[in-house]
Structure formats: C-alpha cells, structure tokens
Amino acid sequence: MASRNRPLSPHLQVYKPQLTSVLSITHRMTGVALAFGAFLLANWVISATYGADAFALAQGLLGSWFGRLVLFGMTLALFFHLGNGIRHLAWDIGKGFELPQVRTSGYLVLAFTVIMTVITWIAAYSVAGGS
Amino acid sequence: MEMRSPLGRVRGLGSTNNGSGHWWLQRITGIALVPLVIWFVFAAINLAGADLAQFKTWVGTSGNPVLLSLLIFTMFHHGQLGLQVVIEDYVQSELTKLGLIIAIKFSAIIFGGYSIFAVMRLTFGG
Chain X
78 MASRNRPLSP HLQVYKPQLT SVLSITHRMT GVALAFGAFL LANWVISATY
128 GADAFALAQG LLGSWFGRLV LFGMTLALFF HLGNGIRHLA WDIGKGFELP
178 QVRTSGYLVL AFTVIMTVIT WIAAYSVAGG S
Chain F
8 MEMRSPLGRV RGLGSTNNGS GHWWLQRITG IALVPLVIWF VFAAINLAGA
58 DLAQFKTWVG TSGNPVLLSL LIFTMFHHGQ LGLQVVIEDY VQSELTKLGL
108 IIAIKFSAII FGGYSIFAVM RLTFGG
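For the record, the sequence lines run as chains X and F.
For any residue, its number in the numbering used here is found by taking its place in the first sequence, counting from 1, and adding 77.
For any residue, its number in the numbering used here is found by taking its place in the second sequence, counting from 1, and adding 7.
Next up, chain X with everything else stripped away, as it sits in the complex:
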C-alpha cells in the first residue's frame, strides 16, 4: 500500500500541547478514573451491609495513606470533570466558543479544581480531626 508510510494525524509526539487539547484529554482521563471511582463508592456502601467490621475495614482502607492518596486524586478528578463538564454544556448550547473565552474558561476550570479540592480536604480533616 502506498499509504503505509504516510504520517498519522494528529501526530501527538510532535504536536505542541495546548490548553485546549490538554484539558480535552484530561476530561476523558478524569472521566475514566471517576468511572472506577463509582465502583469504590459502590464497594463502600455495600460493605456497610456486611456488618461493623466490614465497614470499618472499608473506612480503614479509604483512610490509610494510600486510600487518602486515591481519594485526593478522585477529588481532583471529580472537580475537574464537574467544572469542565459544565464548560462542555455551555458549548453544547453554543456559548463560549471564541478562543479567548475558551482560554479563560479553561483557566477558570483549573482554578475551580484546585480551590474546591483544597477546601474539601481542609473540611474533611477538620471533621476527622486529622486522625
């Protein structure tokens, strides 16, 4: 085939990452992560029907350093996907398509993600008393 050696498009390795493309793929990656997070949520709720020990085990795993790391990642992913999802809904009704607007809303989503994640974890630590 003559087409075999043609360059592929878009050639991601040589394509300069931009805010638009990076946020786009991040939306997809956080979505996939959150879909797995749904199974964590399911496991947490279901564990409660197996008695106090099972629930304590689930809470203990989620509260361990690794559990907290996963939950911190989930919090970041959740707020990013939430913010960027609303950005997508605005595009769906035809709003905010001009490039400067796309850039502004992109940075807004990033700021929202960081601020909400920090607030959530400060609140969670104040509830759990840092234990």
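Because the hints were derived from the structure by calculation, they are not lab data.
Just so it is clear, the structure is predicted and the values come from calculations on it, not from any experiment.
One thing to keep in mind: the hints can contain errors.
As the list claims (entries may be wrong) - Derived coverage of chain F by chain X (criterion: at least 3 residues anywhere in the stretch with Cβ under 8 Å from a Cβ of chain X; other residues may be distant):
1) 67-76
2) 97-110
3) 119-128
What the hints assert, rightly or not - Pairwise CB distance ranges (calculated):
4) G56(F) - R81(X): 54 to 60 Å
5) L14(F) - I196(X): 35 to 41 Å
6) A110(F) - F149(X): 17 to 23 Å
7) P177(X) - L74(F): 18 to 24 Å
8) Y121(F) - S101(X): 54 to 60 Å
9) V191(X) - G56(F): 23 to 29 Å
10) T68(F) - P177(X): 43 to 49 Å
11) L74(F) - Y202(X): 34 to 40 Å
12) F131(F) - V204(X): 24 to 30 Å
13) A110(F) - V179(X): 16 to 22 Å
Glycine residues also receive a C-beta, built at the ideal position from the N, C-alpha and C atoms.
Fit chain F to the known structure of chain X by using the hints.
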C-alpha cells in the same frame, strides 16, 4: 428525544447506530450529576472516619437514601456511557470492543443495582 433525520434512522447511521440518543443521555445524566455530586461531597466530608452506626444513621436520614440511590444510578449510567465512547474510540478489534462494552454495561448494572439494594437494606434494616 429523536434528533436523527428519517433517512439517517432507516440507514442506522452512527457509531453504535444510536449516536444522538447516546449523546443526549450523556448530557442529561451529566446535568443531573451536578447537584447530586455537590450534595455527596458535603455528605462524604461529614462521614470521614464514621463508624457503621453513624453511617447507617446518615443513610437512613430523610432524603438521603433517595439522593444516594439517584447518585449511584446516575453515576453508573453516565460512567458506562462515557467508557463506551472511550472503548469505541481506542479498541480496534470488533470482537474485543463488543466484549468490553458488554462487560462494562453488565458491571455497571450489577454494582449499581447491588449498591442501591444495599442503600435500601441500610435504610429499612435487616
């Protein structure tokens, strides 16, 4: 809501032959998840380090079992719709693609159904 043209419908166009329906449901479940997720983050913060008794009390309180069930249903629905698109985009073998899509749909239904059943048990006791 039907957004396809009559010709497109007859031809069964689209990646899974119902592209616009899939797209529409993805938005509807996404919109529904906005308030549900915000509610859940507040709830989850207050449940950090809770024991079973505290968790059961929270699950059984007023509107919580309904909201939690709606969250679980909508989250799994939205999630499997999204994973389906990702699989369709990146998996080339038709058989693997079909198998993976069926697997994620079954998992979502099983774990979603099981969790909602768990919410009911925690609410009504037993």
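Assessment of proposed distance window 16 to 22 Å (beta carbons of A110(F), V179(X)):
36 Å, violated
24 to 30 Å was suggested as the range; check whether the CB atoms of F131(F) and V204(X) agree with it.
Check passed, 27 Å falls within 24 to 30 Å.
Could you say whether the range 17 to 23 Å given as a hint is met by the Cβ separation of A110(F) and F149(X)?
Once the Cβ atoms are compared, 28 Å apart, the range 17 to 23 Å for F149(X) and A110(F) is violated.
Can you tell me whether the CB distance of G56(F) to R81(X) sits inside 54 to 60 Å?
At 59 Å between Cβs, range holds.
54 to 60 Å was suggested as the range; check whether the CB atoms of Y121(F) and S101(X) agree with it.
For S101(X) against Y121(F), whose Cβ atoms are near 34 Å apart, the range 54 to 60 Å is violated.
Kindly confirm whether 34 to 40 Å is satisfied by the beta carbon distance between L74(F) and Y202(X).
25 Å, violated
Do three or more residues of the segment 119-128 of chain F come closer than 8 Å to chain X, measuring C-beta to C-beta?
Our answer is that it holds, as 6 residues pass the Cβ test (under 8 Å) against chain X, meeting three.
Given the hint of 35 to 41 Å, check if L14(F) and I196(X) actually sit that far apart at their C-beta atoms.
51 Å, violated
Please verify the coverage claim for the segment 67-76 of chain F: does it have three or more residues whose C-beta sits within 8 Å of some C-beta in chain X?
violated (count 1)
Check, residue by residue, whether the segment 97-110 of chain F contains three or more positions whose beta-carbon lies closer than 8 Å to a beta-carbon of chain X, and give the verdict.
With 0 residues close enough to chain X, the hint is violated.
Is the distance from the Cβ of T68(F) to the Cβ of P177(X) consistent with 43 to 49 Å?
At roughly 46 Å between Cβ atoms, P177(X) and T68(F) fall inside 43 to 49 Å, so the hint holds.
Satisfaction of the hinted span 18 to 24 Å by the C-beta atoms belonging to P177(X) and L74(F):
Violated, since P177(X) and L74(F) (Cβ atoms, about 38 Å apart) do not stay within the stated range.
Comparing the model with each earlier hint shows violations of hints 1, 2, 5, 6, 7, 8, 11, 13; every other hint is respected.
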